[in-house]
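> What follows is each chain in one-letter form.
Protein chains: 2
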Amino acid sequence: MKLQVTQENLNRALGAVARVANSRNTLPILSNVLIKTTNNRLSLSATNLDIAITQYIGAKISEEGSITVPARLMQDFVSSLPAGVIDLRLEDSKLHIATDQYKSVVNGIMADDFPVMPEITEGKSWAVDGASLKRALQQIVFAASGDESRPVLTGVYMHTLDGELFVTATDSYRLAEKSLGKNSQDVQVLIPATAMQDLLRIVGDFDGEVEVTHDDQQILFHAGDVDLVARLLEGKYPDYRKLIPSQFAVSATLKKADFVNITKVSSLFARESAGSVTIHVDEETQQVSIRSIASQLGENTATASAKVTGSGNITLNSRYLLDGLQALTGDEVLFGFNGKLEATLLKDTTHNDYSHIIMPLKS
Amino acid sequence: MKLQVTQENLNRALGAVARVANSRNTLPILSNVLIKTTNNRLSLSATNLDIAITQYIGAKISEEGSITVPARLMQDFVSSLPAGVIDLRLEDSKLHIATDQYKSVVNGIMADDFPVMPEITEGKSWAVDGASLKRALQQIVFAASGDESRPVLTGVYMHTLDGELFVTATDSYRLAEKSLGKNSQDVQVLIPATAMQDLLRIVGDFDGEVEVTHDDQQILFHAGDVDLVARLLEGKYPDYRKLIPSQFAVSATLKKADFVNITKVSSLFARESAGSVTIHVDEETQQVSIRSIASQLGENTATASAKVTGSGNITLNSRYLLDGLQALTGDEVLFGFNGKLEATLLKDTTHNDYSHIIMPLKS
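Chains R and D are the protein sequences, given in the same order. Residues in the first sequence are numbered from 1 upward in steps of one, following my numbering. Residues in the second sequence are numbered from 1 upward in steps of one, following my numbering.
Source of the hints: derived by calculation from the structure; they are not laboratory data. Mixed in with the good hints, there may be bad ones.
Chain copies aren't distinguished; within one or between two, either way the pair holds.
Computed list of lysine-lysine pairs in DSS-like fashion (alpha-carbon distance at most 30 Å, straight line) [what the hints assert, rightly or not]:
hint: 1; residue 1: K362; residue 2: K103
hint: 2; residue 1: K103; residue 2: K255
hint: 3; residue 1: K36; residue 2: K2
hint: 4; residue 1: K103; residue 2: K307
hint: 5; residue 1: K255; residue 2: K362
Using the sequences provided together with the hints, build the complete structure.
Structural data, given as C-alpha cells:
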C-alpha cells in the first residue's frame, strides 16, 4: 500500500469511525481501524461486532493494500498534524506516515484478521431524508433504556403502520414516537440505540437521502460516503400505541419556555424526593403551578399562565419532564392527563408528528 | 431584612463567591453564603476558613438584616430565575424569595454563627494593575504543587527584589517566575495557589487597580466590588533564583507553534515512558527534533527549523514542556540548556519578564 491523502480527509474519516473502535473491546484488533484502498478511494472502518462504520475518502493511490492500526493513536496523531498532504506507505505490517516535518512508523496488525460484518444480499431497500431522520432521532433516542436486563427497550423501534414510518423509544417510564411520513416499504426493525447515536453523529452535516437496507439480521444506513451497519435486536417490541392518550380530563396549553423554567426551578427543591414534583393544573386561575417541599432546604411554588381545561394534580419525575419538554420543537406545548396512574402526554401544539408520554409517579 | 435586587446582580455575586462555599467543608455553615445589608448595598460572602470572598452589589433596602443560606441551592435557584427584580424578605430564619412567577422559602442559619476572618488592621498596602496581575497569575499558577506533603510548594510566592515585584510558583520539577515591575512596598508573602485561582476567576473582567493589604497572617485583594482574603502559608520558600540559567551550552530559537506541535505529536508515542521525550538540538542542520519510540505502538520523529547554537540532547516530560510553551506570550521561543541534569530554560524572545524552567529527566 502506498498513497497520498490530505490531513483534513484522513482526520474527518478517523473522527467518524474511531469512536466505535474505542469502545471497550475484548479482541485487541477491535481497537484498530482498518485502512484499505478500494476503487481509487481509501476506506477506513471500525467495528465493535454490533456496529460497523466505514468512511470512504479520496486519495491518490500508487499501490493497493490494507492494514489495521490502533484507532486512538492514529486519531490523536493525525489530528495533531498540520493541514496538507500526508504520505502513507506500508512495509511488512508497519505503516509509515510522513509529512515534511513528521516521520512516524505505526505498528499494525494484518487486515486479514479484521472481522467484517456479513453483507446484506437479500433485503428491503428504501430511503429517507437525512435531515428528517436526524431530527427524529434527536427527539426520541434519549428515551431508550440503558438497562441491559430488558434488551428490547435498549433499541429504537423503526416500523410502518398503514404505510407511515415511525421511530419509537421507551424505557417503560417515558416513551417518544416520531413519524417520518409515508414509506415505500413495510418496515419492522429494532436497532440498538447506541447505533442510532452513532448514526446521529455521522449524519450531523449530511442533508441528502439516507439509503436504508435491511434483512432479518442487520441494517445498513448509507449516507453519502459513510456506511453504518448494525446488528438488529431480537424480541417483540411492546404494543405501545394504545398507551398514548388522545382524550384528557385535564389539559393545559402554555409556552414551552415557561414550562421548562418552572420545572427547572422546582426540581432544585425536589432533590430529597429524587426529582419528583407535583404539577397543579387549575381551570379557575388558568394556571399551571409546581410546588415542591424539601424538609431541609425549604419550599418553592412556581407558576405559569396557561389555557386550561379541567383541574387536577399529577406527580412526575422532573428530569423526565425536562427531557420531554426539550425534545419538543415548537414554542407552545399541550400537556394533558387523565387518572393519577395513567400516562400523561406532551405535544407541540403546531406539530402533530411527535408524541411524548411520561408515566406518573405515585404521589 | 427586606430588599429588592436584580436577578443579574444577585446571580453574578453568587457566581463569584459560591465556589469557595461549595468546596468540601466540615462545618455545615461553611456550605452557606452570608447575605447581609451593608451601607445601602448588599454583600454576599463565602469562606472555607482559608479563603473568604465578599462581593458587594447594589440593592434597594427597606430593612437591614443578614442571614446565611445554602450556597449551591441559592446559586442554582437564582440562575434559573428570569432577569428582573427579585424580592428578598427574612422572617425568623427563613428567606422568602419572590418574583412574579416564583415564590420560594429557603431555610437559613442565623448569620451570628458565620465565621468571619479577622480584619487586617496594621499591614502594608500597595496596588497593582488588575490586567497585569491576571496575566501573571495565568502564566505561573499552574506550576504550583498540589502535593500537601510540601505545603510551601502549594503556594504562590509574591516578593520584591531590589524594588521589583515577582510572582513565582514551582512544584520542584518546573518553575515559573513573572515580574510585575516596580513596587512601592517591600513584599514577602506566600499565598495558597488555590486562592490565586479564585482571584483569577474574580478579576476575569476587571481592568482597574487591585489594592493589596497584608500583615503576617493574611492578605486582602480588593478588586472593584470584590474582596478576597487568604490566610498566608508559613515556611521558607526555596532560594530558586540561582537555578535560573542565563548562559547555555546549547540554545535554539524557534516558532512557538512549531515547538508545541512537535511536542504534542511526540507525546502520543511517549505514553509507555510516562510522557518522557528526548529533544535533539542540532547546530549543523539548524533543527530541533523530538524522537519517541514505543515498543508496542511504533516510533516517531518530529522536526522543526530553528536558529541553533551548539548541539546536544535533553530528556523532558512532554506534559511539562507543553505547559511551559503554552504559558509563553510571544510567537518565538528561546530554549536553552547546559548539562544533562541542569535546569532548562524556556523564554519569549520578545518579553524578558517571564522565565520558565524545567528540570530534565534521566535519559
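> Next, verify each hint and record whether it holds.
Going down the list of hints, with the structure as the test:
1. Taking the shortest alpha-carbon separations for K362 and K103, only the inter-copy value of 25 Å comes in at or below 30 Å, while the best intra-copy value is 64 Å.
2. Taking the shortest Cα distances, K103 and K255 sit within 30 Å of each other only across copies (20 Å), while inside one copy they are farther apart (59 Å).
3. With identical chains, the CA atoms of K36 and K2 are at most 30 Å apart within one copy only, with a shortest distance of 11 Å there and 72 Å across copies.
4. In this assembly of identical chains, K103 and K307 lie within 30 Å of each other by CA distance solely across copies; the values are 21 Å between and 68 Å within a copy.
5. Only within a single protomer do K255 and K362 lie at most 30 Å apart by alpha-carbon distance; the minimum there is 27 Å, versus 65 Å between protomers.
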